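There are 2 protein chains.
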Amino acid sequence: MSFTRKHTLALSACVMALTGTIGSGTASANDELIQLSKDPSQWVIPSGNYSSQRYTTLTQINTKTAKNLRPVWTFSTGVLRGHEGGPLVVGNVMYLSAPYPNTVFALDLNDSGKILWKYEPRQDPNVIPVMCCDTVNRGVAYGEGMIFLHQADTTLVALDAKTGKVAWSVKDDDPTKGATGTSAPLVVKDKVLVGVSGGEFGVQGHMTAYNIKDGSQAWRAYSVGPDDQIKFDPEHTMSMGEPVGKDSSLKTWQGDQWKIGGGATWGWISYDPALNLVYYGSGNPSTWNPTQRPGDNKWSMTVFARDADTGVAKWVYQMTPHDQWDYDGINEMILADVPVHGKMTKALVHFDRNGFAYVLDRTDGKLLEANKYDPAVNWATHVDLKTGRPEVVSQYAPGDQGADHNTKGVCPAALGSKDEQPAAYSPVTHMFYVPTNHVCMDYEPFKVSYTAGQPYVGATLSMFPPEGQSNLGNFIAYDVNQGKIVWSDPETFSAWGGALATAGGVAFYGTLDGYLKGVDEKTGALLYKFKTPSGIIGNVNTFEHDGKQYLPVLPGVGGWAGIGMAAGLSEDTAGLGAVGAYKQLSNYTQLGGVLTVFGLSN
Amino acid sequence: MSFTRKHTLALSACVMALTGTIGSGTASANDELIQLSKDPSQWVIPSGNYSSQRYTTLTQINTKTAKNLRPVWTFSTGVLRGHEGGPLVVGNVMYLSAPYPNTVFALDLNDSGKILWKYEPRQDPNVIPVMCCDTVNRGVAYGEGMIFLHQADTTLVALDAKTGKVAWSVKDDDPTKGATGTSAPLVVKDKVLVGVSGGEFGVQGHMTAYNIKDGSQAWRAYSVGPDDQIKFDPEHTMSMGEPVGKDSSLKTWQGDQWKIGGGATWGWISYDPALNLVYYGSGNPSTWNPTQRPGDNKWSMTVFARDADTGVAKWVYQMTPHDQWDYDGINEMILADVPVHGKMTKALVHFDRNGFAYVLDRTDGKLLEANKYDPAVNWATHVDLKTGRPEVVSQYAPGDQGADHNTKGVCPAALGSKDEQPAAYSPVTHMFYVPTNHVCMDYEPFKVSYTAGQPYVGATLSMFPPEGQSNLGNFIAYDVNQGKIVWSDPETFSAWGGALATAGGVAFYGTLDGYLKGVDEKTGALLYKFKTPSGIIGNVNTFEHDGKQYLPVLPGVGGWAGIGMAAGLSEDTAGLGAVGAYKQLSNYTQLGGVLTVFGLSN
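Top line first, the protein sequences correspond to chains L and R.
Under our numbering, the first residue of the first sequence carries the number 22, and numbering increases by one thereafter.
Under our numbering, the first residue of the second sequence carries the number 22, and numbering increases by one thereafter.
Treat the hints with care, as some may be off.
Any copy will do: because identical chains look the same in the list, a pair fits if it lies in one copy or spans two.
Said to hold, decoys possible - With a straight-line Cα cutoff of 25 Å, these simulated BS3-like cross-link-like pairs (lysine-lysine) come out: (1) K569 - K88; (2) K88 - K135; (3) K186 - K367; (4) K280 - K135; (5) K183 - K604; (6) K59 - K183; (7) K387 - K252; (8) K569 - K85; (9) K550 - K569; (10) K364 - K505; (11) K139 - K387; (12) K88 - K550; (13) K139 - K604; (14) K234 - K192; (15) K604 - K135; (16) K604 - K186; (17) K198 - K252; (18) K468 - K272.
These aren't lab readings, by the way, just hints derived from the structure by calculation.
On a predicted model such as this, the values are computed, not experimentally measured, just so you know.
Sequences are here, hints too, so could you generate the full structure?
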């Protein structure tokens with residue numbers, strides 16, 4: 022039929038026209054990416070740039086103009102479950118991935134997001150039940166003219182950015198054993214890095230670097246296990262100013278437990294090109310029942326700084342030794358040169374799920390600061406800056422209370438004072454803009470046996486807001502120089518969308534009940550809000566096209582907080598406790614993944 | 022948990038606050054509705070008013086301001102399949118229904134569409150495979166403080182408009198025999214009228230009136246069958262100026278075939294309070310294989326005018342006797358006092374699926390005009406205004422060509438020059454604004470046996486654009502005074518969204534590839550377009566709130582044209598031929614039901 026042929030030809034012509042806009046030179050991906058990431062009109066790295074600052078120098082959208090924002094085009098992904106992450110913008114093309122089945126769309130910015138190509142992976146649907154906290158996907162990566170997708174079944178696929186054709190694919194791990202893919206990869210030099218999910222199924226977490234050229238493995242570093250597996254140099258890998266020594270992980274586990282020890286790596290990855298170090302965090306030790314796994318369970322709950330070429334750890338810092346609360350340490354590591362106690366510092370700033378905002382010297386891992394960024398936090402009084410260990414409050418420590426005891430009123434809840442929703446940093450205000458949760462829990466461990474591919478959770482949770490309060494979240498400005506919250510805007514439900522800081526002085530974020538909000542970075546005053554089609558657990562990114570600044574936002578309620586809606590659960594303790602806390606959410610918003618691109622009125 | 026209770030209380034308070042805005046007086050629903058429908062700030066009847074003109078006297082959105090339109094809030098229904106119809110607005114509340122499972126939402130216009138209540142029916146999912154052309158629902162009706170939902174399983178439910186609580190429910194027909202509910206009910210006086218779908222399953226179509234008070238049946242009138250079942254008075258029910266006489270339907274069927282004879286009634290219903298007549302059309306005779314059912318198959322493919330109180334037919338007009346193309350006659354009947362050949366006429370204007378625009382005197386059913394509104398139409402040369410019969414072109418008549426012959430190049434295709442997407446009429450320009458399809462077909466009948474609840478189609482179809490053309494639709498302005506198209510805007514895909522005419526001089530409609538468009542009613546010049554999240558098969562309605570005019574639009578691709586995407590079909594002849602015609606659609610838009618409310622920039 023001539024119609025079909027004509028349209029196919031038209032499509033090819035469009036793709037051809039784009040060729041010039043996508044780099045395909047001979048320089049290494051790192052050079053090209055570093056160059057592209059300096060262009061504020063593009064968004065070429067999942068977190069905006071390698072520092073994960075989620076900051077733009079674009080200023081058209083600012084404190085004066087924010088009130089004129091409105092959607093300019095919209096795009097339904099055709100998938101209902103939770104949409105985390107956000108799109109890339111490379112040249113005139115936007116790249117967006119959806120939750121399972123993880124369709125990737127290349128959308129034409131010259132034509133209101135018309136589909137240039139799409140890639141629809143075929144995956145075994147049996148992966149769905151082994152995804153603990155919804156079938157999310159946090160976005161694709163770009164490098165060397167390719168788009169990298171991390172599928173739910175852990176397959177890493179390289180797609181030609183111009184055509185969507187598969188260049189290569191490699192299976193990162195085994196979903197039949199509970200390993201799944203949810204995180205955005207990161208391209209560093211000639212490698213693409215990818216973590217793994219599955220801490221609730223007893224995976225042995227790892228970060229793996231694949232060669233961009235052919236998908237062959239360059240290095241793999243586990244979070245827990247023998248030194249060679251975790252790529253530690255006992256004498257040179259440092260922690261709290263000391264070499265970690267031999268078997269630093271093995272010594273903290275009973276017997277072979279490390280083999281199913283967790284420490285998944287499903288968060289955002291950062292990179293410092295000057296230091297050639299990649300930074301990321303590891304998640305909870307498996308099982309959630311602390312009485313079953315004595316010891317510090319190293320290096321779960323840990324900040325890692327690894328050599329980008331070899332994977333060898335330069336330094337590590339364990340935030341929550343012997344976790345008793347599922348306080349995964351996977352949240353993003355924001356790299357910023359920022360004053361800390363008055364002294365300009367090459368800092369790594371990390372708002373951990375455990376409720377503490379950690380500031381480390383990213384060159385050597387020295388711990389500079391660890392303060393609560395939600396006053397509700399009660400599981401520890403403080404972190405000892407000398408030892409790096411939290412002072413745990415026994416009353417709120419399920420492990421201390423013994424097996425089968427229901428420990429009540431622990432704050433924060435397992436889903437953390439902040440989960441994966443990334444914070445932003447403005448080098449102008451020197452402040453961090455943090456979307457937070459404000460939720461507590463009852464935590465009751467129970468004995469669980471390991472069976473490959475079966476949940477290995479071992480705790481029953483209920484979640485609820487802190488006593489006497491009703492807001493389940495806050496959007497805060499945090500100053501690491503003084504180590505304190507500067508302002509805090511309460512949210513009925515959590516602020517579960519990734520934030521954006523701007524040179525225009527407006528911080529943007531999305532709320533679980535579906536509002537995009539823009540607030541004054543200095544005061545927190547609300548400058549703009551819009552009710553998007555669905556609750557927002559995705560990010561606010563930004564780009565410029567034809568001289569105009571835009572904000573692509575990714576609504577689509579779900580994720581851990583919205584798992585009740587996404588998976589149709591109803592019991593209060595279902596969804597690892599989230600269903601109870603967010604029970605009212607379905608009276609505010611419904612499922613639906615709709616990329617909504619905001620721009621200014623003419 | 023205190024949180025839950027607090028929110029429940031807050032919600033109750035909101036609902037209480039709305040009480041004053043929803044009429045609950047003692048006047049009959051008809052009086053209240055007629056009164057409310059005169060208030061242009063509300064949209065209390067599915068088609069805007071009883072005349073189905075889809076016209077508003079509101080003028081804030083006009084030819085000068087249309088360019089300043091932008092979405093002001095959005096709402097995902099949480100359902101992916103096709104969204105037809107549109108919301109009601111009564112007071113400060115919007116009422117919206119979704120495709121199967123047919124959740125009804127009451128949304129607070131004072132709070133960006135916050136959910137006041139929702140009603141989630143429980144239905145046997147086995148109804149899904151007996152819905153021929155997607156699991157659509159064309160909206161709810163309002164009357165006497167109640168919201169009426171016509172569920173997929175044919176249940177008619179009355180809900181308290183303030184609380185969403187079920188007042189009563191009644192089963193209209195039997196989905197296990199292929200009868201389903203897709204249409205919007207209409208409240209007339211103290212009754213609620215509802216039609217039935219299932220012409221592809223051999224239902225005996227009927228229009229039924231239920232008493233608002235308790236859901237008891239007031240009257241039921243079949244489309245085909247004995248006089249008492251079809252509520253014909255042989256001596257007073259008129260057709261083409263003559264009494265129909267005894268057994269007017271039975272005489273046109275072979276044996277008992279009328280019992281599975283179709284004539285479904287799934288379109289929009291109109292009402293003339295002065296004449297006390299309700300108007301609607303009946304669909305195809307069953308089966309689609311014309312060689313299996315000799316005769317005119319009356320009163321399939323017919324315009325009905327029935328007494329609202331008794332259901333007795335005042336007059337009828339059969340447009341397509343002995344249908345050989347599935348040209349269902351269910352499209353809306355627009356009631357307008359309009360010049361026809363220079364003479365002001367109490368007209369009923371109907372753009373039929375068969376490609377002819379019919380103009381009748383709605384008082385007595387006299388046929389005044391029947392002209393093609395798409396030049397591609399080739400199945401008939403013209404309609405004889407004396408006999409009312411089309412002059413069929415044998416070459417394009419599958420029945421004439423004999424059983425098992427593949428009749429090629431028939432225009433329009435079965436889905437019609439226009440399907441259920443309603444047209445609009447402006448009493449200012451005296452023009453009709455018609456969203457059309459521009460599709461032809463090959464039609465190959467095959468012998469089929471009737472089995473209750475199984476498809477009873479009997480034809481294989483392929484669909485494609487008219488030869489040498491690529492646009493699959495046009496949005497046209499049609500003048501019944503001259504009986505011709507005034508202007509025609511081509512659409513790559515069909516204009517499958519219901520239109521709105523405005524006193525501001527802008528006609529609005531939605532396209533299958535997802536654009537809301539506003540065009541100058543006089544010239545067709547494009548004044549505004551916006552790429553909504555998904556292809557539009559729903560309607561553009563309008564309302565005013567707090568002194569501002571809004572346009573709620575209902576994207577959500579699917580329906581017959583989008584059934585390939587909605588049901589995941591891929592073969593060209595699947596979806597009764599639609600898959601082939603709209604093959605490229607999934608390269609332009611994805612599934613997703615997102616009410617998008619447009620307003621003007623400040």
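Taking the hints in turn, this is what the structure says about them:
1. K569 - K88: Both: 16 Å inside a chain and 18 Å across chains, each within 25 Å.
2. K88 - K135: For K88 and K135, only the inter-copy Cα distance (21 Å) is at most 25 Å; the intra-copy one is 27 Å.
3. K186 - K367: The answer is neither: 41 Å in one copy and 60 Å across copies each exceed 25 Å.
4. K280 - K135: neither (47 Å within a copy, 48 Å between copies)
5. K183 - K604: Between copies only: 22 Å across, 43 Å inside.
6. K59 - K183: The answer is within: 22 Å in one copy meets 25 Å, while 55 Å across copies does not.
7. K387 - K252: Classified as within: same-chain Cα gap 20 Å, cross-chain 89 Å, threshold 25 Å.
8. K569 - K85: Answer is both: 16 Å inside a copy and 24 Å across each meet the 25 Å cutoff.
9. K550 - K569: both (20 Å within a copy, 18 Å between copies)
10. K364 - K505: within (16 Å within a copy, 80 Å between copies)
11. K139 - K387: neither (45 Å within a copy, 54 Å between copies)
12. K88 - K550: Result: close both inside a copy and across copies, 8 Å intra and 22 Å inter.
13. K139 - K604: For K139 and K604, the Cα distance is within 25 Å only across copies (15 Å; inside one copy 35 Å).
14. K234 - K192: within (16 Å within a copy, 63 Å between copies)
15. K604 - K135: Between. Shortest inter-copy distance 15 Å satisfies the 25 Å Cα cut-off; intra-copy 37 Å does not.
16. K604 - K186: Classified as between; 20 Å across copies, 42 Å inside a copy.
17. K198 - K252: within (23 Å within a copy, 66 Å between copies)
18. K468 - K272: within (23 Å within a copy, 77 Å between copies)
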